[in-house]
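> This is what each chain is made of:
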Amino acid sequence: MQEKLILQNKIERGDFARGGETSSKLKELLRKLGVPSDKSRRITIVTYELEMNIIIHSHGGEIQAYISSEKIKVVAADSGPGIEDLEKALQPGFSTADDEVRDMGFGAGMGLNNIQHYSDDVEIETGPGQPTRITATVYL
Amino acid sequence: MTVKELVEKLDLEVVAAGPMDVEISGVYVGDLLSNVMARAEEKNLWITIQGHQNVVAVASLTGVAAVIVVEDFAIEEDAIERAREKDVTILRTPLTAYKLICQLIEIGI
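Protein chains in written order, with the numbering used here: chain A, 11 to 150; chain B, 1427 to 1535.
Okay, chain A solo, but in the shape it has when bound (with noise of 0.2 Å):
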């Protein structure tokens, strides 16, 4: 089967309200398309965590969700301002998020580390000013 987009989604910042809308789309769709129930986990899981990024991080942004009978690739675009050092936000438990945030239970500096654990395969492009892109990818 050829890679197919199956979903994209337009994400706001400081868009709480809608936090996780995509990513349980993509489970709901996943469910449908008959995908095993642990890498359907494993890819949502994924794909919350880069919603949630957009949400607190970024200016805005969209994910897109593709499917092909190897894999499920998230694709999570945004349009600034970048990770000013990727090897320190990659450090669990480093976040540059505000108490507030902090206090609703995020920013606890696991975000990226949980979409490196549960995908098997990311790629995040990034640089201070830069829109940030990721790729993360389960194969089936």
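Keep in mind that the hints were calculated from the coordinates and are not lab data.
Don't take every hint at face value.
Said to hold, decoys possible - EDC-like, lysine to aspartate or glutamate: derived pairs with alpha carbons at most 16 Å apart:
| no. | chain 1 | residue 1 | chain 2 | residue 2 |
| --- | --- | --- | --- | --- |
| 1 | A | 49 | B | 1468 |
| 2 | B | 1512 | A | 38 |
| 3 | A | 49 | B | 1467 |
Stated by the list, open to error - Chain B regions said to be covered by chain A (calculated; three or more residues, Cβ under 8 Å):
| no. | segment |
| --- | --- |
| 4 | 1450 to 1464 |
| 5 | 1472 to 1480 |
Glycine included, every Cβ here is placed at the ideal spot set by N, Cα and C.
Go by the hints and put chain B onto chain A.
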């Protein structure tokens, strides 16, 4: 044990009622949503102090049997509304997480 039986046994407040006949599979305790997303399993009870609407999203995504908000923490109105929409059960107790867990162990969960 089902959620309904649990509510009766421990006299929990039902803030939003989703499916009450779900068989409980275990317990996860946590307030950091990333951890809950990664660690809570389907049909677990999720014990937390968080009461905002993102809790409902995480509960729905992980497929937990119910959220139990401890220490009578406030639950936001939009969270309750969202829970009703998404069929997520939210329960509440004045007990601390520790005391609630002791009671859960006593009744065999």
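> Decide, hint by hint, whether the structure agrees.
Verification of the hints:
1. 49/A <-> 1468/B: With Cα atoms ~14 Å apart, residue 49/A and residue 1468/B stay inside 16 Å; holds.
2. 1512/B <-> 38/A: Answer holds: residue 1512/B to residue 38/A is near 13 Å, not above 16 Å.
3. 49/A <-> 1467/B: 14 Å, holds
4. 1450 to 1464: Coverage by chain A holds for the segment 1450 to 1464 of chain B (8 residues, Cβ < 8 Å).
5. 1472 to 1480: Answer holds; 5 residues pass the 8 Å Cβ test.
Violation of the numbered hints given earlier is absent; every hint is satisfied by the structure.
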